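Chemist: The chain contents come next:
There are 2 protein chains.
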Amino acid sequence: MSNLIKIGENGKKASMILGQLDQESKNIGLRTCAKALLENEDYIMKANKKDVEAAKKNGVKPSLVDRLLLTHDRICAIADGLEEVAALDDPIGEVLSMKVRPNGLTIGQKVVPLGVIGIIYESRPNVTADAFGLCFKTGNAVILKGGSVAINSNIAIVKVLRDALSSIDITADAVQLIEDTNREAVQELIRLNKYIDVIIPRGGAGLIKTVVENSSIPVIETGTGNCHIYVDEYADFNMALDIIDNAKTQRLGVCNTAESLVIHEKISKEFIPLVVDRLRAKQVEIRADEKGCSISDYCNPATEEDYGAEYLDKIISLKVVDSINDAINHINNYNTKHSDAIITKDYNNGLKFLNEVDSAAVYINASTRFTDGNEFGFGAEIGISTQKLHARGPMGLRALTTTKYIIFGNGQIR
Amino acid sequence: MSNLIKIGENGKKASMILGQLDQESKNIGLRTCAKALLENEDYIMKANKKDVEAAKKNGVKPSLVDRLLLTHDRICAIADGLEEVAALDDPIGEVLSMKVRPNGLTIGQKVVPLGVIGIIYESRPNVTADAFGLCFKTGNAVILKGGSVAINSNIAIVKVLRDALSSIDITADAVQLIEDTNREAVQELIRLNKYIDVIIPRGGAGLIKTVVENSSIPVIETGTGNCHIYVDEYADFNMALDIIDNAKTQRLGVCNTAESLVIHEKISKEFIPLVVDRLRAKQVEIRADEKGCSISDYCNPATEEDYGAEYLDKIISLKVVDSINDAINHINNYNTKHSDAIITKDYNNGLKFLNEVDSAAVYINASTRFTDGNEFGFGAEIGISTQKLHARGPMGLRALTTTKYIIFGNGQIR
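If you're matching them up, the sequences are chains L and P in order.
If you read the first sequence in my numbering, its first letter stands for residue 4, the second for the next number, and so on.
If you read the second sequence in my numbering, its first letter stands for residue 4, the second for the next number, and so on.
Here chain L stands alone, though its shape is the one from the complex (with noise of 0.2 angstroms):
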């Protein structure tokens, strides 16, 4: 039996149990887990320094070692974000709604965990931790497969979350990390359909789109992000210019950050210099159409790619279109589903950009920046699904559940 079926069925046993604990059970497993990261905090951070000395030595991004590196602070928030969860309300056990049909059956629908959830995922050590409260918290069972670059500290904490569930006696496969560093153990992983009920990954384009393609195991897709501004005829130009510059520049390598302007023809000439400004003084390029070069020499021209580009840098694409028609079919072409803003005064615009864009998030006259469990008011996220099925937008507790029927009858056939 390969390795990667075994840690599949010792997941299956241990949902079966971590889906009856009860609340009180979770909460104490969660705050054990967060005491003893802490008091772990040398033993983590001497295999995270070997993790960080091994990416130095190959050359590894300066932006993706500060990923990767652990710190004081840092082991404390993970260890506060597990604080977090167990105050969060548990959605598992819920009956979302119960009738009695006029044979007297009683049908209602009750929220159950998933079962077991496969988690993959590139450089931070902290969606270790991450993953393992929330998935915990709903009774699921979760096995983790992060990227090579941080395979030691990856062992030490899930070491640690194990040997601290053991303690007091919860199974440690609650938890459990494949420590098989190969490029095949993903492929292996998602073709598991018999043991993992569904799996999430986290990371780049290239990572998602692998297992889209090759999973046998039902996936939720989440984000990639090329969100879009509208500047309407309508717009009040100092609103559009707070809300381009938040939506671009507030924060540059995260999916909800704006990557693309549409800008009506009738504001064009008035509104691309201020933009213009505005962009420039925050050093952002801006990849401009033809009329959108024509009237600012600082716009270079954009191709085709960029309209549908996810920089997650300081560059932005333009597009002026003739009518709000345009706008929509231009983003609902381009866009990655994901979020979407209008800048209108006008009612009947602002609900038609509402309606008819495709993406999980439509905004009028706010940020895309707001698409966010946390801004959502979740109190925490696993990832912002930018697919239609299950679950759509940002993804908190209630994502990693299903549910079943139960049927309360007194002999009842048909």
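To be clear, the hints were calculated from the coordinates, so they are not data collected in a lab.
Treat the hints loosely; a few may be bogus.
Because identical chains share one entry, a pair is satisfied inside a single copy or across any pair of copies.
[Claimed, not checked] 27 angstroms max Cα-Cα, derived DSSO-like pairs, lysine-lysine:
(1) LYS52 with LYS38
(2) LYS197 with LYS212
(3) LYS113 with LYS348
(4) LYS113 with LYS102
(5) LYS49 with LYS64
(6) LYS355 with LYS197
(7) LYS16 with LYS355
(8) LYS355 with LYS102
(9) LYS113 with LYS355
(10) LYS60 with LYS49
(11) LYS162 with LYS9
(12) LYS355 with LYS294
(13) LYS102 with LYS348
Predicted model, so just to flag it, every value in this text is computed and none were measured.
Knowing the structure of chain L, use the given hints to seat chain P on it.
Modeler: For chain P alone, kept in the frame of chain L given last:
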């Protein structure tokens, strides 16, 4: 460009239009289609006759030929089905919740169509119109891939539906049929994740396995059912006998039929002779473990495979267990996560079974035959999901929808 990509593109374009149709237009569309099916009965029957004759000539089983056959009554039933869907509540556009965040952003979650749905099915031509009706009502475009045995019937039905929609200026691409009857067309279809949002396979275990293992599009897995009835030590014997009889024999070929009996050892000597009498009278073969066989000569020895089988025939497996824990373990090990029932008068055993059996529908003291969209009060059913993501159990109109977040701001930035 391949023909299938063209169909995908047409579906995507149609879905943008259908998603914006109001309820009245959709209901007029459904009623116009219902009328057109009745008016074109001769045309459809002529096409169906070709399929039926070819099937008979090719030695297709009589039960399959019967599924394929259309009659005046069956065409009326198909048209009535569309009328019934028109009469159902439209889930699209409902805002499930809307809250104001501390920063003044108002965030709502609105029900919207999935987009483009691919449905792959086998011999029954009635699925062609039924699936269209449910998808159309929920604002989705549908791409149908029926079995080759029904190809002429399907072409005729889809032509009637498309002409009817065109006659009232609704895009005919709301429903498209893949006329290519090669198996490769299925393989190509389930990789079109650029155009299709979800694939629902309806048919035998082989078809479903192929789709689940090869699709790059999210799949809703439907259907196979190895449903269990567990007769607890505290069961009412008469109730147990009536429920077993009903769940096994009321309809043999459907997924919510019982295929497995689990009996507590303490009552086995008394109960097994009773259940043997009841099932022998209906010519049902019983395949039992050693204990079962030692109690009644009527039982044949079961193999390991019997416990996992979905017979869809006059056969049932029987296993004697020592405890309710054994029963639950046996069921969770062999079931298909569809429907399972306990017969008991004991409060704790009933609740324990409800909590611990991992199935879409778990019953106390009722027949598994109730797992059905109509019996659950949904008014219509697109299938029964046996997976945990998105929808679980009988799927009504809501399973064909997703949500999007709509956010109303007045200039909020982070």
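Chemist: Decide, hint by hint, whether the structure agrees.
Modeler: Taking the hints in turn, this is what the structure says about them:
1. Taking the closest pair of Cα atoms, LYS52 and LYS38 come within 27 angstroms of each other only inside a single copy of the chain (21 angstroms); across copies the shortest separation is 73 angstroms, beyond that limit.
2. In this assembly of identical chains, the alpha carbons of LYS197 and LYS212 lie at most 27 angstroms apart whether taken from the same copy (22 angstroms) or from different copies (12 angstroms).
3. In the homo-oligomer, the alpha carbons of LYS113 and LYS348 lie at most 27 angstroms apart only across protomers (22 angstroms), although the nearest pairing inside one protomer, at 43 angstroms, exceeds that limit.
4. For a Cα distance limit of 27 angstroms, the shortest separation of LYS113 from LYS102 qualifies both inside one copy, at 12 angstroms, and across copies, at 24 angstroms.
5. Taking the shortest Cα distances, LYS49 and LYS64 sit within 27 angstroms of each other inside one copy (21 angstroms), while across copies they are farther apart (69 angstroms).
6. Taking the shortest Cα distances, LYS355 and LYS197 sit within 27 angstroms of each other only across copies (24 angstroms), while inside one copy they are farther apart (44 angstroms).
7. With identical chains, the CA atoms of LYS16 and LYS355 are at most 27 angstroms apart between copies only, with a shortest distance of 17 angstroms across copies and 50 angstroms within one.
8. Taking identical chains as interchangeable, the C-alpha atoms of LYS355 and LYS102 lie at most 27 angstroms apart only when they sit on different chains, with a minimum of 21 angstroms there against 37 angstroms within one chain.
9. For a Cα distance limit of 27 angstroms, the shortest separation of LYS113 from LYS355 across copies, 14 angstroms, qualifies, whereas the shortest one inside one copy, 36 angstroms, does not.
10. Taking the closest pair of Cα atoms, LYS60 and LYS49 come within 27 angstroms of each other only inside a single copy of the chain (17 angstroms); across copies the shortest separation is 75 angstroms, beyond that limit.
11. In this homomeric assembly, LYS162 and LYS9 come within 27 angstroms of each other (Cα to Cα) only inside a single copy, at 18 angstroms, whereas the closest approach across copies is 52 angstroms.
12. When the C-alpha separation of LYS355 and LYS294 is checked against a cutoff of 27 angstroms, the pair qualifies only within one copy, where the shortest distance is 25 angstroms, while the shortest distance between copies is 68 angstroms.
13. For the identical chains of this complex, LYS102 and LYS348 are inter-copy neighbours only, at 22 angstroms across copies versus 44 angstroms inside a copy, given an alpha-carbon limit of 27 angstroms.
Checked against the numbered hints given earlier, this structure breaks none of them.
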